[in-house]
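The listed protein sequences correspond, in order, to chains A and B.
If you're matching positions, the first sequence starts at 1 in this note's numbering and goes up one per residue.
If you're matching positions, the second sequence starts at 1 in this note's numbering and goes up one per residue.
Hints listed in this document are in silico derivations from the structure and should not be mistaken for laboratory results.
Predicted model, so just to flag it, every value in this text is computed and none were measured.
Don't take every hint at face value.
[Said to hold, decoys possible] Pairs of lysine-lysine residues, derived as PhoX-like cross-links and limited to a Cα-Cα distance of at most 25 Å, are as follows:
no. : chain 1 : residue 1 : chain 2 : residue 2
1   : B       : K51       : A       : K311
2   : B       : K26       : B       : K116
3   : B       : K141      : B       : K51
4   : B       : K26       : B       : K137
5   : A       : K634      : B       : K141
6   : A       : K311      : B       : K116
7   : A       : K311      : A       : K81
8   : A       : K687      : A       : K309
9   : B       : K116      : A       : K309
10  : A       : K309      : B       : K51
11  : A       : K81       : A       : K115
12  : A       : K115      : A       : K687
13  : B       : K137      : A       : K634
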Amino acid sequence: MRTETDKFHPEFHSEDAGYCHLVDRIADVWGPRTPHERETNWPVRVDQQLADGLGESDVDRWVQSACVLCSNGCGCDIAVKDGRIVGVRGRADDLVNRGRLGPKGLYGSWQAHRKDRLIRPLIRRSGELVETDWDTAMREVVHRSQQLLAEAGPLSHGFYTSGQLFLEEYYTLGVIGKAGIGTPHMDGNTRLCTATAAASLKETFGADGQPACHADIDLCDALFLFGHNMAATQTVMWARVLDRIAGPDRPQVVVVDPRSTPTAEAADVHLAPLPGTNLALMNGLVRALIERGWIDEEYISAHTLGFEKLKTAVEPYTPEHVASICRISPTDLLRAAEIFGTSQRVLSTVLQGFYQSHQATAASCQVNNLHLLRGLIGKPGSGVLQMNGQPTAQNTRETGADGDLPGFRNWDNPEHVEQLARLWNVDPLTIPHWAPPTHAMQIWRYAEQGTIKFLWISATNPAVSLPELSRIREILRKEDLFVVAQDAFSTETTELADVVLPAALWGEKQGTFTNLSRVVHLSEQAVEPPGEARSDLDIFLDYAYRMGFQNRDGDPLITWKDAEGAFDAWRECSRGRPCDYSDITYERLRAGSGIPWGGERLYVDGVFPTTADYCEDYGHDLLTGAQTTPTDYKAERPDGRAFLKAAEYTPASEQPSDEYPFLGTTGRTVYHFHTRTKTKRAPELQKAAPEPWVEMSAADAARLALADGDVVRVESERGGVEVPVRIGRCRDGVVFLPFHYGFQAANELTPTEWDPVSKQPLFKISAVRIRKV
Amino acid sequence: MHLATYLGLLHTSLRTLAEAFREVAKGHGEEPDVQRTCEVLAARIDGQVSKLAPIVERYGEHREPEPERLHTAEFDQTRSGGVGLLRDLQDLYALSSFTDITWTVVGQAAQGLRDKELMDVVSSCEQDTARQLAWLKTRIKQSAPQALIAARG
Ligand code: SF4
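So that you can see chain A by itself, here it is in the shape it has in the complex (with noise of 0.2 Å):
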């Protein structure tokens, strides 16, 4: 079979050197190794998992896509047989996986497709939810929603998404939010991901959009993970990584996480500190570049701002008070800040380590510092990757289904929301821009105290993934909110709705997204929907349509009928912001395998998108959120150059106690994603990780005389779950539970409180006892 790969690279049409058909990714996760030096690509190995007993032969086609399990983004070819999936692919000359893909995508992306699926809408009728047609459940959705208008306005309503719809999708549902309702509370779950990777970008550099990319991989000296267990998060990331470390010239390797994952096993320094201390930490890593003269003094005056006062925040960050704070020793702090400060070219990506935890977006925007500080940012093989979590999360952020403006417009700047009036032929005070958006926990606190009373959820399940579960069922089974929840399977969330939207999935429809280094794919459709199920496009269109969204000159406001349409609208929406899509169309992306918007790298000039009339954001005090007003930021005239941002270390409010001696982390395991709606439906992944479970450290499991597979009661202040002992490599004090599961979810013990910036729930810290059942 020959795909639209072979006519660009006919060395991989044939079976020979790099395939790799029979796989077991679960035994061997990263597949076997094809090391590689410095500066040289990295080889092409394609993986291909069948629907058992098919052979390529009796394929009928392969179909252009790209696995949206993480955020990775792989390119991938999607193998249809008698109008179903029966397999996937690596595509062997995708800029970001050379051909691999890893367990989730081997097997946890295509067989979900045909089992309990929902198939018709359903709509509550005296208190039971019942079959219906399309028609019925959207007039009853437009009624309400018509209604809520008239009486109560625009703040009534509430849009709830996701990191895994696609790009034309979300810029709809943007769309309708802002010029159709005019609302302020919309957010996307991403909200819960990869809020701090935007806000982060936004304080140092003006604008959201990740500097580097996967090829800094290949190139870089240094590899700084930041609270990333990329071995578990990105595995095809990690095999890129782990075939540098093969090679011959492998590149030093710095892990900051509180457990002892495979990602720290590889490193040659492992930091370890408590939950909740990550921000004294990388103030000492600052204060040890700065203090050792490892900086470079032209970068900084030239492209930077506020040095003199970082300086002077980091002064007390000494290697021995911040190894007291974070219980590390004094030693590795040095020697990591050493290899940062000494190697040629480094490399680093943060994540849910930093992200979800304690003083997030201040933790994350001091990594950003330290590639200001050695002006290593915008070079081959150096940068920063402020990871995304989700497969579209990025495409959430641009799109302004994350509340923010699209195209990465500020809010708070007139000229860009009449730039957005202008382009939709709307009354500017249509469009929400008196305050930042509505972030999601404020929007669940709106519906908890009655004032949003219409709340549409997409593709996301928050009745597992919020913190504190007990009071989001609560909020969900509210009488006077009204609950359209839109999936393609039924949930937790699902069924607490008034209404359910049965939605097509990926490989059943078509559209882009774009991963954690700027790489935009196009996922083409496979094979019809099952039943009525429908895109997600089409429920926003159809509610559009019905809901009569017109602009000033009386002309419907959505003009697009399908995803292509939704793509050029969007390329209009973008040009001229740092997010410019308007050279991608879907005839180049159909014709290679990833393109990057903003090019390889972005700030290779070392000119940030920071001067007042560009710039995203204003920027905020990373202590407390507050805002920078317009004048503050046009004042310190930034004009292009990067923002030192600089906060102290204030320890977290979830302390452990007598009463609950252990801090509670949460996190992923490597076989599910999210919620394992997909992944649990994958009988390979199902069988490796089925259950939750908690995992300690040797030392305090034999204190508590906890063996092996004991079943214990984890409980904090707001909730307790039972789950088995794993005896693992946590430090001590520290236990971890993954997060995936809807039974004895570990959300259950997640306290309620966020990063003041980012806005961000923290779920990396709760104070939790332990005890035998």
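Given the coordinates of chain A, work out where chain B with the ligand should sit on it, guided by the hints.
Quick look at chain B with the ligand alone, frame taken from chain A:
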């Protein structure tokens, strides 16, 4: 010298302000960000009080029996609901503005006295107070539309 009177006023108003932030934190636990930030800001105001201590030692302080404009009693009982939160934050804003302008007055005196130490204290505390005001304004702007328009009854 009337500086002692102003130092006394400052001292009392800072204590009142810290107390008020703590009351609001306690009364609005359902708004976790308000609770947390008010606690952080209260702790920083305590820090301002300690920075003031050596200055007070040098110049003395004269405390008026009851600074008439500071009614701490208001904060014994925080309000509830969206509008209640708004009002409490607004009261904090008024108190915080009072300390802000008091620092300004003391700062002018410091310049006149060419007291470098006092000038430094004033400048760092003024920044801190600006941060309080900026946060309060941010949070008030965020809450106002929902509280005033969307809430019924
Ligand atoms: S690394 Fe991520 S994108 Fe790539 S195959 Fe695995 S889950 Fe899919």
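Evaluation of the provided hints:
1. B:K51 with A:K311: Holds: B:K51 and A:K311 sit about 21 Å apart, inside 25 Å.
2. B:K26 with B:K116: Violated - the C-alpha atoms of B:K116 and B:K26 are around 38 Å apart, more than 25 Å.
3. B:K141 with B:K51: violated, 31 Å
4. B:K26 with B:K137: holds, 20 Å
5. A:K634 with B:K141: holds, 21 Å
6. A:K311 with B:K116: Holds, at about 22 Å.
7. A:K311 with A:K81: violated, 62 Å
8. A:K687 with A:K309: violated, 53 Å
9. B:K116 with A:K309: holds, 20 Å
10. A:K309 with B:K51: holds, 20 Å
11. A:K81 with A:K115: holds, 17 Å
12. A:K115 with A:K687: holds, 16 Å
13. B:K137 with A:K634: Between B:K137 and A:K634 the Cα gap is close to 19 Å, so the pair holds against 25 Å.
This entry does not satisfy hints 2, 3, 7, 8, going by the numbered hints stated previously.
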